[in-house]
Amino acid sequence: MTWHITPELARSYADGSAAGAPSSSVEAHLLACDACRALVASEAPAGRLDAVWAEIQEQVDAPRPTWVERLLTRLGVSPADARLLSAAPSLQVSWLLGLVAVLAFAAAAASSDERGLRAFLLVAPLVPVIAVAGAYGRRIDPTYEVTRSTPYPTYRLLLLRVVAVLSVSVALTAVVSLFVGAGWMAMAWLLPSLAMVGVVLVLTRYVELPVAAGSVVAGYALAVTAMVPRNEVDVVALAESTQLVSLSVAVACLAVVVLSPARRAAFRRLP
Amino acid sequence: MTDMPAEELADAVLLASVADGDRNGLELLYRRHAPWLLLRLQHRCADPGLVDEVVQDTFVAVWRSAGRYDGRGEVAAWIWGIGVRRLVDALRRQPRRLPERSRRQPALELSAEERVLLGVEYGDLGGALDRLSPELHAVVQATVLDGLTTREAARLLGIPQGTVKTRMMRARAQLREELA
Numbered sequence: 001m002t003w004h005i006t007p008e009l010a011r012s013y014a015d016g017s018a019a020g021a022p023s024s025s026v027e028a029h030l031l032a033c034d035a036c037r038a039l040v041a042s043e044a045p046a047g048r049l050d051a052v053w054a055e056i057q058e059q060v061d062a063p064r065p066t067w068v069e070r071l072l073t074r075l076g077v078s079p080a081d082a083r084l085l086s087a088a089p090s091l092q093v094s095w096l097l098g099l100v101a102v103l104a105f106a107a108a109a110a111s112s113d114e115r116g117l118r119a120f121l122l123v124a125p126l127v128p129v130i131a132v133a134g135a136y137g138r139r140i141d142p143t144y145e146v147t148r149s150t151p152y153p154t155y156r157l158l159l160l161r162v163v164a165v166l167s168v169s170v171a172l173t174a175v176v177s178l179f180v181g182a183g184w185m186a187m188a189w190l191l192p193s194l195a196m197v198g199v200v201l202v203l204t205r206y207v208e209l210p211v212a213a214g215s216v217v218a219g220y221a222l223a224v225t226a227m228v229p230r231n232e233v234d235v236v237a238l239a240e241s242t243q244l245v246s247l248s249v250a251v252a253c254l255a256v257v258v259l260s261p262a263r264r265a266a267f268r269r270l271p
Numbered sequence: 001m002t003d004m005p006a007e008e009l010a011d012a013v014l015l016a017s018v019a020d021g022d023r024n025g026l027e028l029l030y031r032r033h034a035p036w037l038l039l040r041l042q043h044r045c046a047d048p049g050l051v052d053e054v055v056q057d058t059f060v061a062v063w064r065s066a067g068r069y070d071g072r073g074e075v076a077a078w079i080w081g082i083g084v085r086r087l088v089d090a091l092r093r094q095p096r097r098l099p100e101r102s103r104r105q106p107a108l109e110l111s112a113e114e115r116v117l118l119g120v121e122y123g124d125l126g127g128a129l130d131r132l133s134p135e136l137h138a139v140v141q142a143t144v145l146d147g148l149t150t151r152e153a154a155r156l157l158g159i160p161q162g163t164v165k166t167r168m169m170r171a172r173a174q175l176r177e178e179l180a
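Chains A and B are the protein sequences, given in the same order.
The opening residue of the first sequence carries number 1 in our numbering; numbering runs sequentially from there.
The opening residue of the second sequence carries number 1 in our numbering; numbering runs sequentially from there.
Derived from the structure by calculation, the hints contain no laboratory data.
Only a predicted model underlies this, so the values are computations on that prediction, with no experimental measurement involved.
C-beta atoms are modelled at their ideal positions from N, C-alpha and C, and glycine is treated no differently.
Treat the hints with care, as some may be off.
Said to hold, decoys possible - Rough simulated footprint, nothing fancy, chain B against chain A, three-plus residues with beta-carbon under 8 Å:
no.: 1; segment: 5-17
no.: 2; segment: 23-29
no.: 3; segment: 123-130
To be verified - Computed far set for chain A versus chain B, every beta-carbon distance over 12 Å:
no.: 4; residue: Val40
no.: 5; residue: Val60
no.: 6; residue: Ser78
no.: 7; residue: Asp113
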């Protein structure tokens, strides 16, 4: 470089009064000259730069958003809600892997024969319910204490978590069902599963979420084992009436959850 | 400048330490490069809040992707590349505001210092650039000096890509004529 930026030019560049070509010269020169960068820096707004640096430090210190959080923010969820959602224990990778493993075994059994398909249809509805059980609760949620002391409606958090967990687990189960090889028949678990989740949500009014989900899972297991000796399982698992009953239960529970004034108030009430 | 206290370490060395998670390295880089970056972005966007945001984004990106600098070219040019693209992205998300300079007529009267400066740096080119209309100058600045693609320049200036191309052609023809 045979020339350097003069103090006058640095000043006129900083306040925007320099003409186009000199500005361009300054900009090209600044890419390669440390001394002139220091000169121009003395003309830059120090207060703004300090404020920006403080923000940068904060961002660098903050933990990087996980892939779940980034995906949710991309989908339009606010960053705060995304952090809360992704802290749901059943969205953790180990949980997801466990669920996939259970489903994979069931699917492997199902692809062997028609008895296997029925076994699959009996196991698969439980997967979303079990996932929902881990969405929120005193003992299983590492952020439970924090969220309890935060001015954020607990019931709203619970519903957000349940919706997130439900969509992930239903999507996973649906993907596994594709490999069962029974066409749409393999999706017969969906409505019974949604009906059970609906019942769980209704029960959360009275008991904690894991307790509610546990009771529903236990009730389902009892009903199935009671039917086994009478050879009714095969019929019930594939019957159209099962689908209809499940649909009505799911709709009824959804109506209770959405329409009940007490629940609407709880959705907004701070702890 | 033969011995090297921390303040005078080369940019590339600092960047390598930032890639290893050195916060002091990041601060030194920030003190060195944020001032001119802020001023240069300010010449392209009249909204100070947005410029601050872009400077912040740029250095957070430097922190996270310092390892991706391939060692070729000036670190300052690498940082500018990140910064100007962040500005283009930010402008796409917000209603745009024209920079002061592209609305202003180019100054026809140059000071003596500027004449000398231009004579050394660009020869006739500097004068020829200044005689371009503000629209043509903005396009030359975005594509040639800022290193943006036609598409990015179109976003930065808020005009269609086709317009960027025709203005660039007109600018080139005018410069060729003046420099011939």
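Hints versus structure:
no.: 1; hint: 5-17; verdict: holds (count 6)
no.: 2; hint: 23-29; verdict: holds (count 6)
no.: 3; hint: 123-130; verdict: violated (count 0)
no.: 4; hint: Val40; verdict: violated, 5 Å
no.: 5; hint: Val60; verdict: violated, 5 Å
no.: 6; hint: Ser78; verdict: holds, 16 Å
no.: 7; hint: Asp113; verdict: holds, 52 Å
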